[in-house]
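Q: One letter stands for each residue in the lines below.
Number of protein chains: 2
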Amino acid sequence: MLLYDSKLAPNPRRVRIFLAEKGIVVPTVQVDIARGESREPSFLARNPLGGTPVLELDDGTHLAESVAICRYFEETQPEPPLMGTDARDRALVEMWQRRMELELFRWVTGCFQNTHAFFAGRIEQVPAYGEVCRKTARDRLAWLDGELAGRPFVAGERYTIADVTALVAVDFGRVVDVRIAPEQKHLMRWYEAVSSRPSAKA
Amino acid sequence: MLLYDSKLAPNPRRVRIFLAEKGIVVPTVQVDIARGESREPSFLARNPLGGTPVLELDDGTHLAESVAICRYFEETQPEPPLMGTDARDRALVEMWQRRMELELFRWVTGCFQNTHAFFAGRIEQVPAYGEVCRKTARDRLAWLDGELAGRPFVAGERYTIADVTALVAVDFGRVVDVRIAPEQKHLMRWYEAVSSRPSAKA
Chain X
96 MLLYDSKLAP
106 NPRRVRIFLA
116 EKGIVVPTVQ
126 VDIARGESRE
136 PSFLARNPLG
146 GTPVLELDDG
156 THLAESVAIC
166 RYFEETQPEP
176 PLMGTDARDR
186 ALVEMWQRRM
196 ELELFRWVTG
206 CFQNTHAFFA
216 GRIEQVPAYG
226 EVCRKTARDR
236 LAWLDGELAG
246 RPFVAGERYT
256 IADVTALVAV
266 DFGRVVDVRI
276 APEQKHLMRW
286 YEAVSSRPSA
296 KA
Chain R
96 MLLYDSKLAP
106 NPRRVRIFLA
116 EKGIVVPTVQ
126 VDIARGESRE
136 PSFLARNPLG
146 GTPVLELDDG
156 THLAESVAIC
166 RYFEETQPEP
176 PLMGTDARDR
186 ALVEMWQRRM
196 ELELFRWVTG
206 CFQNTHAFFA
216 GRIEQVPAYG
226 EVCRKTARDR
236 LAWLDGELAG
246 RPFVAGERYT
256 IADVTALVAV
266 DFGRVVDVRI
276 APEQKHLMRW
286 YEAVSSRPSA
296 KA
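Taken in order, these protein sequences are the chains called X and R.
Start counting at 1 in the first sequence, then tack on 95, and there's your number in the numbering used here.
Start counting at 1 in the second sequence, then tack on 95, and there's your number in the numbering used here.
Since the hints were made in silico from the structure, they are not lab data.
You may find that some hints are simply not true.
Identical chains blur together in the list; that is why a pair holds if it fits in one copy or across any two.
What the hints assert, rightly or not - The calculated lysine to any residue pairs, modelled on SDA-like cross-linking and capped at a C-alpha distance of 25 Å, are:
# : residue 1 : residue 2
1 : 102       : 267
2 : 230       : 128
3 : 230       : 269
4 : 230       : 140
5 : 280       : 292
6 : 117       : 183
7 : 230       : 136
8 : 117       : 182
9 : 230       : 218
Can you make the complete structure from the sequences, with help from the hints?
A: As structure tokens, then:
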């Protein structure tokens, strides 16, 4: 087994945090996105879409998509559960994971892709859309602050993959000036809690 | 149990097709998005993000996000499996489901949201970004055609939730002039196969 990782990108960090929470160590190789390594033919043979992370299984299967890789490890090492414990809980965790992905992470990365110099010349940027993303990401942080008023973690009483996605989104948000506001006390309390876990350093 | 459904929107259709494939019948109420019913306080109490579908469980829990609702039914009625059969297969299905969602469905809906009259005045539209979405969606259909050269369904030998998402994306794509090209013969063969299943009428 071999994990193709990229230290600077947000999606691979989701897998690294997930693995750290599980206590799983996987042999890892770094893919230098800035130098274009993920667009080279040898890498595209592993993932034709050119994204990291990619997990190479021992049978030669290549698994891309961070959440799909997390699902593989959740199935092969269920403890501690990070994706739910029964039908209702698994569905609720998936709901919150998707909300963190589609309602927070997506807007942060959409802002980065459409406004940041890193992507200039790599993709067709639309700065006006990047601004819509930035505003929406800030709105979603305010919404999440209200949600966290009633519970310790994003999906309930337990730390889950939804917290992983939200943490990575909040940390990556700094790059595009999307930050927790001082008055968002529930969100700040949650952020301090999840950031102080050893897995956050992954 | 009660499913809040919207006949005209693509996300609820994903759940309806999934349920039809499982042979599950759920009491359903229609939410009229065009008339703004999903933005009324009574509906926002069920899903503060205002999206459909929402599944109300008998204990009063509200489950939003179409894939999370599908996950609930996959767990409670595993046959026929639509989200994988073992750790590796579940991860591969999730990879393809996410690819269909993030690499196809997202671009189609992004084009619709940023160019279509339905969203004028409802959200801040950026037409130039809508055009990027349209072009990317067409590129992704060409990529998917190549992928389908080697297997009958999106995730392999078996019909899965990845086919549901792809079918809904392709059908919704017509609204924004994203269509399978005549030379995309593998994609067309797949489309004809999944469209002729009874579930496609859901």
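Q: If the cutoff is 25 Å on CA atoms, where do residue 280 and residue 292 land: within, between, both or neither? Let me know, please.
A: Only inside one copy: residue 280 and residue 292 sit 19 Å apart there, 51 Å across copies, limit 25 Å.
Q: Since the copies are identical, ignore which copy is meant and state whether residue 230 and residue 140 lie within 25 Å (CA to CA) inside a copy, between copies, both or neither.
A: This pair counts as between: shortest inter-copy Cα distance 24 Å, intra-copy 37 Å.
Q: Given identical chains, is residue 102 near residue 267, meaning Cα to Cα at most 25 Å, within a copy, between copies, both, or neither?
A: The answer is within: 13 Å in one copy meets 25 Å, while 37 Å across copies does not.
Q: If the cut is 25 Å between Cα atoms, do residue 230 and residue 136 qualify within a copy, between copies, both or neither?
A: between (37 Å within a copy, 23 Å between copies)
Q: With identical chains, the pair residue 117 and residue 182 could be close in the same copy or across copies; at 25 Å between alpha carbons, which is it: within, between, both, or neither?
A: both (21 Å within a copy, 16 Å between copies)
Q: 25 Å Cα cut-off: does residue 230 pair with residue 269 within a copy, between copies, both or neither?
A: For residue 230 and residue 269, the Cα distance is within 25 Å only inside one copy (14 Å; across copies 30 Å).
Q: With identical chains, the pair residue 230 and residue 128 could be close in the same copy or across copies; at 25 Å between alpha carbons, which is it: within, between, both, or neither?
A: between (27 Å within a copy, 24 Å between copies)
Q: My question is about residue 117 and residue 183: at a cut-off of 25 Å on alpha-carbon distance, are they close within one copy, between copies, both, or neither?
A: Classified as both; 22 Å inside a copy, 18 Å across copies.
Q: State whether the alpha carbon distance between residue 230 and residue 218 is at most 25 Å within one copy, between copies, both, or neither.
A: both (21 Å within a copy, 12 Å between copies)
Checked against the numbered hints above, the structure violates none of them.
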